[in-house]
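Using the sequences and the hints given, assemble the complete structure.
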Amino acid sequence: MTAGERRRADFTGTTNLDGGTLRRSFGDVIGDLVSDGATKILAFNGHYENEYFLREASIYILKT
Numbered sequence: 009m010t011a012g013e014r015r016r017a018d019f020t021g022t023t024n025l026d027g028g029t030l031r032r033s034f035g036d037v038i039g040d041l042v043s044d045g046a047t048k049i050l051a052f053n054g055h056y057e058n059e060y061f062l063r064e065a066s067i068y069i070l071k072t
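For the sequence shown, my numbering begins at 9 and goes up steadily by one.
Some clues are possibly wrong.
Label-pair distances were calculated between CB atoms; the ranges are [stated by the list, open to error]:
| id | residue 1 | residue 2 | range |
| --- | --- | --- | --- |
| 1 | L41 | T20 | 29 to 37 Å |
| 2 | T23 | R63 | 16 to 24 Å |
| 3 | G21 | K71 | 31 to 39 Å |
| 4 | F52 | T23 | 15 to 23 Å |
| 5 | T20 | I67 | 32 to 40 Å |
| 6 | K71 | T22 | 27 to 35 Å |
| 7 | T72 | T20 | 36 to 44 Å |
| 8 | G45 | Y68 | 15 to 23 Å |
It is worth saying that the hints were derived from the structure and are not from the lab.
Note that beta-carbon positions come from the ideal geometry of N, C-alpha and C, so glycine has one too.
Pasting the structure below:
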């Protein structure tokens, strides 16, 4: 599975991330915020297709 905007792939500069890469990147950022003391984090997702990966990373962070 990939994450990203396929409909705009013809535009220069458009990038796609593998779902695992998105999950790890998001998890790293959120994990660092939590380890720095953040207790409330609000993340906006503009692409429904990414929801699974972002939710999976969030659940992992909450369990650790």
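We went through each hint and held it up to the structure:
1. L41 - T20: 29 to 37 Å: Distance hint for L41, T20 holds at roughly 32 Å.
2. T23 - R63: 16 to 24 Å: 22 Å, holds
3. G21 - K71: 31 to 39 Å: 36 Å, holds
4. F52 - T23: 15 to 23 Å: The hint (15 to 23 Å, Cβ to Cβ) holds, given that F52 and T23 are roughly 19 Å apart.
5. T20 - I67: 32 to 40 Å: Given about 36 Å between the Cβ atoms, the range holds.
6. K71 - T22: 27 to 35 Å: 34 Å, holds
7. T72 - T20: 36 to 44 Å: 39 Å, holds
8. G45 - Y68: 15 to 23 Å: About 19 Å separates the Cβ atoms of G45 and Y68, which means 15 to 23 Å holds.
The structure shown violates none of the earlier numbered hints.
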